[in-house]
Amino acid sequence: MATLNILILVCLGYVVLLFGVAFAADRMAAAGRGRWLRSPVIYTLSLSIYCTAWTFYGAVGNAARSGLEFVTIYLGPTLVMVSWWWGLRKLVRVGRSQRVTSIADLLSSRYGKSNTLAVCVTILAVLGGTPYIALQLQSITLSFSIFAEADTSGLYREGSSVFWVAAGLAMFAILFGTRNLDANERHHGVVTAIALESVVKLFALLAVGIFVVWGVAGGMGPMMDRIDASEIGQWNVDAGRWTTFIFLSAAAFVCLPRMFQVMIVENDDEGHLRTAAWAFPLYLLLMSLFVVPIAVVGLDLLPEGSNPDLFVLTVPLSQGNDWLAMLSFIGGFSSATSMVIVTAMALSTMVSNHVVMPIWLSTQEGSGSISGDVRNIVLMARRVSIAVIMALGYFYYSLSGGGTALSSIGLIAFAGISQILPALVGGLFWRGATRTGALVGLSVGFVLWIYTLLLPGMGAAWMPASILESGPFGLGWLRPQALFGIEGIDPMVHTVMWSLSLNTVAFCVTSLLSFPSPLERLQGAQFVNVFDHSAAPRGWTGSVAQSEDLMIMTQRILGAGPAQEFFQAEAEQQGGRSRLPEPTPGFLNRLERELSGSVGAATAHAMIGQIVGGSSVSVEDLLAVADESAQLLEYSSQLEVKSAELSRTARKLREANTKLTQVSEQKDSFLSQVSHELRTPMTSIRAFSEIMRDTRGLSGTEQTRYAAIIHDEALRLTRLLDDLLDLSVLESGQVSLNVGDDSLRSVLDRAVSSALAGTDEKLAVRRSRASERIPLHTDLDRLGQVFINLISNARKYCESPEPVLTISAHDVGGRLVIDFTDNGSGIPPEAQSMVFEKFARVGGDKAGGAGLGLAICREIMQRLGGEISYLPGQGGAAFRVSLPLAYQQAAQ
Amino acid sequence: MTAEENSEAKPSGPRPSVFLERQSYRRRRLTDAARLLPFLGAALFALPLLWPGQSIEGQAVPLSSAMFYIFACWGGLILVGLIFGVAARRLRTREDPETDTDQWQR
Amino acid sequence: MSRKVLLIEDEPNIAEAIRFLLTREGWQVQTHGDGADALQVIRAANPDLVILDVMLPGKSGMDILRDLREQDGMQSLPVLMLTARGQSRDREMAENAGVSRFMTKPFSNAEVLTAVRDLHAQATRL
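Protein chains in written order, with the numbering used here: chain R, 1 to 892; chain B, 1 to 106; chain L, 1 to 126.
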């Protein structure tokens, strides 16, 4: 009989081996060697953390109680893996392209980087994960106790052993799970150690199975007879439980934080999925191959009342095969440790990124930029989270006393974590899924899960028997295990059916009714169409962002080396000479993604927002600037109104300040241009008036000519001043619209005659007067002004020998669209984007005004709720004026 | 796409176009089959629900047969998945990797 | 031998005023309204003095001046620069580019004449 001491020695030796393997793998990966560390085999083996101690021990227990039902837990994941092309492929691609760090991060990222959602998922995951960890601790202790019973020395104490196991596992997870921050640098050490553990547990279970079939039963044939003769010897599976469990395990396989960690976060290469698609089901098949034989032999050999959950250990022991029992113990130990380590890692990432960091960031609010070493803070947060999660597991175990049958806790956790499924699947395949929908669906599922499964399972202290029997406040239809009065369903099936279906319904209906934010819509498109990979997630307008501040912040998060490398590469890509890249929107987006690999999407977004938005100017400074002119004040107040939709007013104001800076820069260049436009005619006027004053003997014709020039230039000045005044009134928003009703036809009639009056240039105007019988409800004079401007432009600039302007009106999607197309050469492509800018003149022409006409048109159309744009590729110059149709405008 | 398919098709003799079409056609059908596999699996695993349970005396399916059925289906799925994986890889290595990603991304 | 001035200015009215003033002073005035080929025109005309506007279509006066000063035999050609964007930054830029005299529009006729006379006198004294 193996003594406890030997057992402890073997355990310690095994843990040392794991440490060694993890350490060596980390070293090899760091040195760039060991390509096999990234092989599909390692990936497949790492997936096997799905098989925890619950499956290692509990499957046999389950088989001993209810026959083949245990196999459902393996069939679900098998189907998921076989259908990798439909789901996992997309999930892995999204995870890699968005640099997702956890399942909470994925959902947060998909639903507009919402941290609320991430926090909800984190809470759910911790709630579901803690009993699960406790379950692993329990299994280790139970297996210890089997050996301890036989040991006479009496040194074994259950409580302390659990404590040391928990502490040791926390150490391991901290040492290898929090060495580096970036999700992109994968945890090769941990993954390799897990791969080794999965080989060990498979080997152990196969060894016990082979021993049982050929050593005890005497071969396949006798074994089969024995199975059929046993008390579980007939096919007797409840259809509801069978289907539900297959579905539930499939859902949990995708949603469990630890599975997400190894399957998506640690994935090195999408191609590995292709191998895992058959290799992982094979692993599962091998794991379950001997479960029934072991259960049957256990039921036969062992005395009535012995715990079937421990048959894997007790059967070899009862046959005196101590070494096999020891191997089997190591297998169970492997299952438990690998699950606990990865779960602790995954949960700690979620807790630190979505709970600790946002809280920490909000305490930093107002100091402008990030101070302190963020990298260390994140790492510390993760380490503490791991310790806390392990402690929670330990306390749960010691409080619950470890009484319940192993597999029920596992299934309860599965049902809890599966509540994520609707939001996850919806987020990947449905662009209409919204944050509110996800939150509501998740909450509904979560509450139902707690009410119908978790609380009733925790005993009378949590859920009084009266409620179970007659519902809360005597409302019978609210009985936790018979919702809506439908009785007699298996409690597990009942919970899964109601919680997931109501979750899905709530998610879909709320999504349909709510409206997503722009960021959500962009992220939605990115997720759903991840294989098209087109648009960037969203633009940072980073023209004022400080590259140096970004660099400092990035160094604190990624570490100095990687940060400098990243910035260097970006700078080179931009072709700049400087060591720092320009903060272009593209660069900022890549940086945000890089950072989100370390601290999560929402936090990274907030951090960059702090720097890009806050160019070290306080709110007071901003308000002082805004006070300077009424125009700027209105601008900022408009922004303030908008900021109500946005998360934090302070940050938004800082952003507004950046914009104000830009506006003032634009104002400078505007003033400089105004100065130029004013000084030019003034120069001519001054020069010629001095000539006329100072020069004696000017001829009559000369005098007339010079006076005419002065007159023309004076008119030009007047026009310019009129335009400027018009524009400033329009821009300041102080213009009052004089709304009236008329038909488009008569407005155009007046505009055409006014624009062509008093000119000898012959511009033919083609119109389809029948289609112009559209009622207008708008400022008719202002609209006429736009039309006149467009027609005069055609008159002045259309260089065709027989100039023709075609005006056509249509109704496009509820908007009135009027196109003005001439038959000239049009506007060159490079100038098209500029035509509506102030003082933009194409081709140095000075015949017209100051180049403000189209800028005024644009302002007018904005005031009228419409827009004006240039239509490229129409043969000649083509402008499109669009505005809401009259009846729609009247309805507003 | 055409360029490398031509170069690939050259050694195959006088009728390159036929060979080429069959090749890419087969690959596409293989992808289809791989995509349908989970539905087949789900149907196979749902079948036992139709078996008579213990309630009907003497009619129940013995556990050994049930095990045999489940594990046979399971092994079959794995085998077919493996064949798809290998075949897809083999077809892929003959073509440009870029073409392949397009194919799988569609 | 008559003195030759080349006037590079795209505003026809301003060009006409300056031409009127300088012709009466005895200058032979050639005008040109485009920036893009201004350098070639300067070389071909070989003037005693250049009056250069800053805002020109094709190429800015600043760039023309900078390129001009890099050419052989053009370092000491007197250049009077005119600008309508009265900013001190422009003056600095022009001085760095090697301008001989810098004037902001609108100017008085007397100022132009004085500047032209001074520049010419300096150039002939050398």
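Certain hints may be false.
Covered stretches of chain R (chain B as the covering partner; in silico rule of three or more C-beta atoms under 8 Å from a C-beta of chain B) [as the list claims (entries may be wrong)]:
{"id": "1", "region": "44-51"}
{"id": "2", "region": "64-76"}
{"id": "3", "region": "232-238"}
Hint data in this document are derived by calculation from the structure and do not stem from the laboratory. A virtual CB, placed ideally from N, CA and C, is assigned to each residue, including glycine.
Against the structure, the hints come out as follows:
no. : hint    : in the structure
1   : 44-51   : violated (count 0)
2   : 64-76   : holds (count 4)
3   : 232-238 : holds (count 6)
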